[in-house]
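Peer 1: As a plain string of letters, each chain reads:
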Amino acid sequence: MARKLEEINAGSMADIAFLLLIFFLVTTTMDSDEGIVRILPQATPPDWTPPPIPIHERDVFEINVNAQNLLLVEGEYIYMDQLEELTYDFLTNYNGKENLPAMITVNKQFCDSKIGEIRNTIATTQNMDETTRKFWESEIKYWESKREAVEVAGEFRTLPKMAVISLRNDNGTSYDTYVQVQDRIQSAINRLRNEWCRKVYGKDFTELREDIADDQEKIKIIRAIVPQNIIERQPKNLGRY
Amino acid sequence: MSKFKKDSGGSAPAISTASLPDIVFMLLFFFMVTTVMKEQDVIVDVSKPEASAITKLQNKSLVDNIYIGVPMNAPAGSSPRIQTDDQLLNSAVQVQDFIKKKRPQRDPEDLDKVVTSLKVDKDTPMGIVTAVKQELRNVEALKINYSAVAKSKKTK
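One line per chain: the protein sequences are G and W, in this order. Counting in the working numbering, the first sequence runs from 1 upward without gaps. Counting in the working numbering, the second sequence runs from 1 upward without gaps.
In case anyone wonders, no lab produced these hints; they're calculated from the structure. We put the CB at the ideal spot given by N, CA and C, even for glycine. Treat each hint with caution, since some may be false.
Derived CB-CB ranges, DEER-like [said to hold, decoys possible]:
| no. | chain 1 | residue 1 | chain 2 | residue 2 | range |
| --- | --- | --- | --- | --- | --- |
| 1 | G | Ser166 | W | Ser91 | 33 to 43 Å |
| 2 | W | Asp123 | G | Glu85 | 26 to 36 Å |
| 3 | G | Lys199 | W | Ser152 | 27 to 37 Å |
| 4 | G | Ile53 | W | Gly77 | 38 to 48 Å |
Derived pair list, reagent style SDA-like, types lysine to any residue, alpha-carbon separation capped at 20 Å [what the hints assert, rightly or not]:
| no. | chain 1 | residue 1 | chain 2 | residue 2 |
| --- | --- | --- | --- | --- |
| 5 | W | Lys143 | G | Val150 |
| 6 | W | Lys143 | G | Arg233 |
| 7 | W | Lys119 | G | Ser32 |
| 8 | W | Lys122 | G | Asn120 |
| 9 | W | Lys113 | G | Ile219 |
| 10 | W | Lys151 | G | Glu207 |
| 11 | G | Lys218 | G | Asn171 |
| 12 | W | Lys143 | G | Glu210 |
| 13 | W | Lys48 | G | Glu34 |
| 14 | W | Lys122 | G | Arg38 |
| 15 | G | Lys199 | G | Arg233 |
| 16 | W | Lys60 | G | Ile212 |
| 17 | W | Lys113 | G | Gln42 |
Let's have the full structure, built from the sequences with the hints guiding it.
Peer 2: Structure, rendered in structure tokens:
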């Protein structure tokens with residue numbers, strides 16, 4: 001006669017599962033990568049020079065960082081903490097200073113006349129090479145995006161097309177300092193973008209997400225109003241690297 | 001004498017814990033699915049710089065990591081080196097091979113969304129970083145991310 005089987009106690013099963021759970025919690029990583037995103041410029045053929053466009057000195061915000069991690073901005077030594085404020089001044093020039101960019105007022109008419117001008121240039125230039133044509137096409141895209149922004153936000157004041165933040169570091173500059181500089185620049189840009197975004201859409205720019213279709217459009221508009229133009233020049237090589 | 005028998009024992013029956021393991025297993029599977037295993041061992045020392053204006057990289061499968069820092073084991077030297085996929089590179093040019101190798105593994109539609117994340121130690125001189133950036137330009141991997149950790153909020 002078979003003995004009646006005794007039931008196996010499943011009480012410890014939970015403990016085993018908990019152990020497994022904790023093991024997975026410890027070994028897997030949840031850390032999502034974060035940082036400052038930048039788009040590198042396209043590699044251009046070495047013999048190509050851009051079509052001549054006048055650049056005024058007041059339109060360039062010059063940042064130099066040397067191998068001792070010291071900052072020289074617009075010809076003056078500054079501390080890292082001052083950089084964000086100075087960048088913000090450059091981006092807005094509320095006081096209309098002579099040494100900061102002359103802001104342009106963008107409205108529909110202005111955009112249309114610019115686009116017409118460029119179309120005219122393309123039509124009248126003969127034997128235009130591929131790279132130059134692409135350059136002019138990107139110009140048209142630039143003004144079209146501005147016009148789109150005008151339709152949403154109305155007339156706005158912005159930096160001239162050629163206004164750039166020009167960054168030059170030394171090969172011996174520490175990466176930490178370099179990231180700090182990029183961070184301060186980005187903070188200033190974000191601040192201004194947040195102001196615009198709050199005005200137009202009632203929320204912060206930094207809250208918008210690129211993977212939401214609805215937000216993508218908003219990001220595009222705000223980017224057209226507050227452009228982010230940073231160029232990096234060939235680093236100097238005076239440091240110890 | 002009543003019709004209804006009074007409960008003989010004073011204590012309530014024990015709550016069955018038989019379903020507890022199931023619940024925990026469900027949690028376990030949830031974590032197994034949502035988290036990612038560490039794909040690679042970092043063999044260079046990277047302590048990231050701090051920054052405040054940072055954005056999160058959304059899609060992890062569209063990120064290529066390049067590490068730059070001093071190798072952890074002494075024989076590899078004490079000057080900063082570039083690491084991709086578990087190995088140290090001898091020169092920045094090899095970054096091109098790394099990017100080219102990654103490309104066929106991806107959906108062609110996603111190629112323009114790929115971000116190359118530079119995880120660089122904060123004491124690294126910029127020379128080596130610039131060299132890597134130049135190679136990324138040459139291979140047209142233009143979207144990059146300077147990986148940083150969030151700065152503890154400033155008191156203003």
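Peer 1: Check the structure against each numbered hint from earlier and tell me which ones fail, lowest number first.
Peer 2: Those not satisfied are hints 1, 5, 8, 11 and 15.
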